[in-house]
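One letter stands for each residue in the lines below.
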Amino acid sequence: METKIRPLKMTEKLMGFVGKYWQDLWENHRAGKLVAWCSGVSPHEILKGFGISSVYLEGYGGFCSVAGISTDLCNRAEALGYSPDLCSLIRNFIGATRGTPAPGPEMLPFGGLPKPDLLVCMPYCPGIYKIWERYSRYLGVPLVVIERPRLHDALGKEEINRIMRDTISELQEMITFLEAFTGRRFDYDRLSQSIAYEQEASKLWWDVVGMCRNIPAPMSILDAFSHLFPFHCYRGEPEAVTYYRELKSELDERVANNIGSTIGLEKYRLYWDNLPIFFRIPEHIQKFASYGAVPVAATFPFYFGFPELDPERPLESFAKYSLFTPANVGLQARIDFTTKVVGDYSIDGLVMQRSRTCLVVNMGQDDILKELTKKTGLPSVVIEGDVCDSRFYSDSEVNSKIDTFMEILARQGQRKGQGDDCGL
Amino acid sequence: MDKLLNKFASIAVNLYPRLIQWKKETGKKIIGCFPMYIPEEIIHASGMLPITLLGSDDELTLADQYVHPYICQLVRGNFGLSLKGELDFLDGIIFSDFCLTVQMISDIWIYHKPGGFYHQLILPKNMSASHTKRYILQQFNGLKKTLEKLSGRDISESSLKKSISIYNENRKLLHRLYQVRRANPCLFRARDMATVVAAGMLMFKEEHNMLLSELLYHASKAIPLSDGKVRLILSGYLCDMPELDVLDLLEELGAVVIDDDLYVGRRYFHTLTDESINPMEALVERFVEDVPCPTKLNQKRDWADYLSDLVKEAKADGLVSVALKYCEAHQYDFPVLDTSLSQGGVPNLMIESSHRGATGQLRTRIQAFLETLGGRDGN
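Chains as they are written, first to last, in the numbering used here: chain A, 1 to 424; chain B, 425 to 803.
Source of the hints: derived by calculation from the structure; they are not laboratory data. Careful: at least some of the hints might be erroneous.
No farther apart than 30 Å at their CA atoms in a straight line, the calculated lysine-lysine pairs in the DSS-like style are these [stated by the list, open to error]:
| no. | chain 1 | residue 1 | chain 2 | residue 2 |
| --- | --- | --- | --- | --- |
| 1 | B | K749 | A | K375 |
| 2 | B | K586 | A | K340 |
| 3 | A | K203 | A | K13 |
| 4 | A | K157 | B | K749 |
| 5 | B | K452 | A | K370 |
| 6 | A | K157 | B | K586 |
| 7 | A | K115 | B | K724 |
| 8 | B | K573 | B | K586 |
| 9 | B | K585 | B | K557 |
| 10 | B | K508 | A | K375 |
| 11 | A | K157 | B | K453 |
| 12 | A | K157 | B | K557 |
| 13 | A | K157 | B | K724 |
| 14 | B | K453 | A | K401 |
| 15 | B | K569 | B | K431 |
| 16 | A | K320 | B | K585 |
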């Protein structure tokens with residue numbers, strides 16, 4: 001029997017909210033305003049200071065995956081000679097923008113992407129800078145690169161401070177370049193304002209994610225993956241603050257009334273590791289819910305937002321944002337962070353998704369699992385998947401693994417068992 | 425000459441037991457350089473021996489317990505050797521962040537083998553920014569400082585200059601050897617050239633220089649051999665030892681490798697270090713001005729142009745490019761390379777290698793390519 005999921009009202013608003021962003025983006029482009037294509041980790045707030053709209057490659061991959069067309073787009077990139085082993089977010093993007101046969105705008109989410117006037121990247125993974133370098137030549141638009149060194153476990157304070165200083169200096173160089181490129185003086189007040197919005201949205205978002213500590217959790221963390229999309233669109237803008245305020249308010253109400261994300265007892269609380277499988281989010285929520293299980297925690301949502309942003313020190317705090325994210329630290333730091341998340345959310349079991357084409361997140365995952373198992377004794381399951389490419393995912397295999405895993409959890413007994421069955 | 429070539433081969437193939445013995449005998453320290461872009465001259469100037477960690481072809485390694493299988497063989501192989509304790513004889517390992525896989529494995533490696541001497545070079549991706557050289561210099565200076573600490577001796581400007589000079593001599597000798605090879609390509613088998621270069625990655629350059637001089641002496645006296653074979657440039661294996669049986673396969677099918685763009689080949693020695701300027705700055709210049717590499721951004725020269733020129737200079741009939749499976753940076757360049765080379769009139773074959781050697785599929789593809797170039801089995 002299908003378990004009833006209690007949908008969030010904000011989920012209904014989500015697509016309209018995101019759609020509005022893309023509509024505005026296209027209108028701005030048609031009105032001659034500048035558009036930058038960026039890597040996810042990029043100084044979007046600085047671009048906003050010049051009135052430049054930014055879209056980012058990974059976010060667009062997420063939309064395409066949710067829309068169910070990303071595998072097709074990956075295929076169109078492979079037709080150009082790109083290996084299926086390469087990051088599916090990148091292949092999706094190549095397929096959408098240069099794929100063969102070229103996809104029509106009617107096929108693509110939001111009619112595709114407006115042509116960029118500028119490319120920006122922080123080269124944290126080879127796909128990003130390799131593709132941007134090619135696109136810069138192909139499209140004849142400048143490429144701005146800000147280095148983003150990994151903060152290895154062994155780096156000392158002095159070295160980290162040096163990296164911070166260098167990053168700030170590169171951001172200043174970017175501003176100088178953009179002043180010449182746009183013919184406009186940079187508006188530092190607007191940057192501070194943008195950082196202030198980003199900080200507020202970050203705090204709200206981390207609060208939202210933190211509310212899943214509640215038993216029962218007011219939403220599944222898999223739902224949270226979808227609610228990341230406003231971060232993809234409205235970085236450093238008041239709309240993101242409005243959105244996350246409304247989302248938090250809805251979750252506050254659920255927590256106050258002890259309402260969980262599903263109707264019925266929340267028997268098992270799960271940790272989800274690695275990236276979302278965007279094209280299967282509703283199915284996974286339903287599958288787990290059929291066992292009274294809810295994935296309530298993940299580290300991925302913390303890759304977004306940075307509550308320590310400081311509008312008084314915008315460049316410095318942005319540098320910290322880009323460098324100190326859990327995605328850019330060494331293995332020991334990742335283990336520590338994941339252990340803390342698992343400890344904070346009263347977890348009963350670990351679901352380790354292995355995203356086939358994402359090197360950054362996969363490497364070290366086995367050690368993270370071993371450490372988590374050693375420290376918590378929690379049962380775990382490893383499922384193979386991918387963020388965009390459904391050819392690396394098998395419903396029957398994943399479902400069968402989840403079935404076995406849930407049997408193990410059931411044998412260990414229900415741990416918390418709180419929730420409600422008070423209906424919608 | 426065969427005896428000499430066998431000596432190079434035995435050094436290159438027997439990797440570590442020889443080094444362990446050498447260390448016992450000399451009491452000198454050995455530093456492992458995780459490919460690539462480690463400025464070996466600085467290590468050399470500290471009196472320690474820099475060696476390149478060339479991995480292992482073992483398909484199943486202990487590494488598989490800790491890293492997923494979708495990473496390149498070089499990283500899996502090296503990490504597997506480390507877990508087995510086969511690299512414990514090293515006094516230190518230097519990693520560089522030039523590629524994401526190496527960047528990620530370094531923390532995993534240190535986590536599993538704590539307590540050793542490790543150094544991380546954080547190299548920039550962008551080669552044309554105003555800060556590029558400053559960043560690299562900072563990193564090289566940091567390395568120098570830690571090596572001084574480890575070796576217990578200062579690395580003076582004059583000792584560094586001396587090491588640079590020895591390394592340049594090595595590069596010049598290899599350039600000369602490659603010239604001989606172009607003029608008389610059937611004199612050497614492709615595997616010979618790979619092991620000649622690889623041996624130099626595993627011994628002091630002074631000793632390698634002596635062996636190279638001897639080899640050149642014999643080679644220059646050799647009678648030119650006529651070939652009638654398809655003249656190929658082999659590119660790829662960008663940070664790894666080429667598979668020797670794949671090199672053999674090319675020859676078996678009627679080709680001769682007249683020059684290359686291999687890491688264990690021309691890429692390793694191509695660019696000389698400027699001996700007329702400050703030595704640390706000269707090493708930085710070399711890094712920035714080196715042959716085009718898909719791990720670097722905004723280089724002055726396009727890789728396809730570089731390869732195209734190499735094919736023309738060497739009067740080659742075509743080019744075979746081998747990307748290691750899961751070498752992302754190389755794979756991202758594959759379609760562009762293919763298109764650019766083809767548009768420039770350079771016949772080329774792009775193949776992917778998973779360190780499984782000369783497979784049947786590979787044989788068929790190479791055979792078909794050579795036939796299009798009018799090779800042994802062609803018309």
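Against the structure, the hints come out as follows:
For the given pair, K749/B sits about 35 Å from K375/A by alpha-carbon distance, which is inconsistent with the 30 Å threshold. Proximity of K586/B to K340/A is assessed by CA-CA distance (about 52 Å); at most 30 Å being required, the pair is judged violated. A hinted pair counts as satisfied when its Cα atoms are at most 30 Å apart, and K203/A with K13/A qualifies at roughly 21 Å. Our distance criterion of 30 Å between C-alpha atoms is broken by K157/A and K749/B, whose separation comes to about 37 Å.
Proximity of K452/B to K370/A is assessed by CA-CA distance (about 38 Å); at most 30 Å being required, the pair is judged violated. For the hint pairing K157/A with K586/B, the CA-to-CA distance comes to about 34 Å; that exceeds 30 Å, so the pair is violated. Restraint check for K115/A and K724/B: satisfied, since their Cα atoms lie roughly 26 Å apart, inside the 30 Å limit. Under the criterion of a C-alpha separation no larger than 30 Å, the hint pairing K573/B with K586/B is consistent with the structure, at around 20 Å.
With a CA separation close to 19 Å, the supplied pair K585/B and K557/B stays within the 30 Å bound. At most 30 Å may separate the alpha-carbon atoms for a hinted pair to count; K508/B and K375/A meet this at roughly 25 Å. Of the pairs offered as hints, the one joining K157/A and K453/B holds, with about 29 Å between alpha carbons and a cut-off of 30 Å not exceeded. In summary, the hint linking K157/A to K557/B is supported, as the alpha carbons are separated by about 22 Å, within the 30 Å threshold.
Proposed proximity of K157/A and K724/B is contradicted: the alpha carbons are some 34 Å apart, above 30 Å. Restraint check for K453/B and K401/A: not satisfied, since their Cα atoms lie roughly 50 Å apart, outside the 30 Å limit. For a cut-off of 30 Å, the pair hint linking K569/B to K431/B is broken: about 36 Å separates their Cα positions. A hinted pair counts as satisfied when its Cα atoms are at most 30 Å apart, and K320/A with K585/B does not qualify at roughly 39 Å.
In terms of the numbered hints stated before, the structure departs from hints 1, 2, 4, 5, 6, 13, 14, 15 and 16, listed from lowest to highest.
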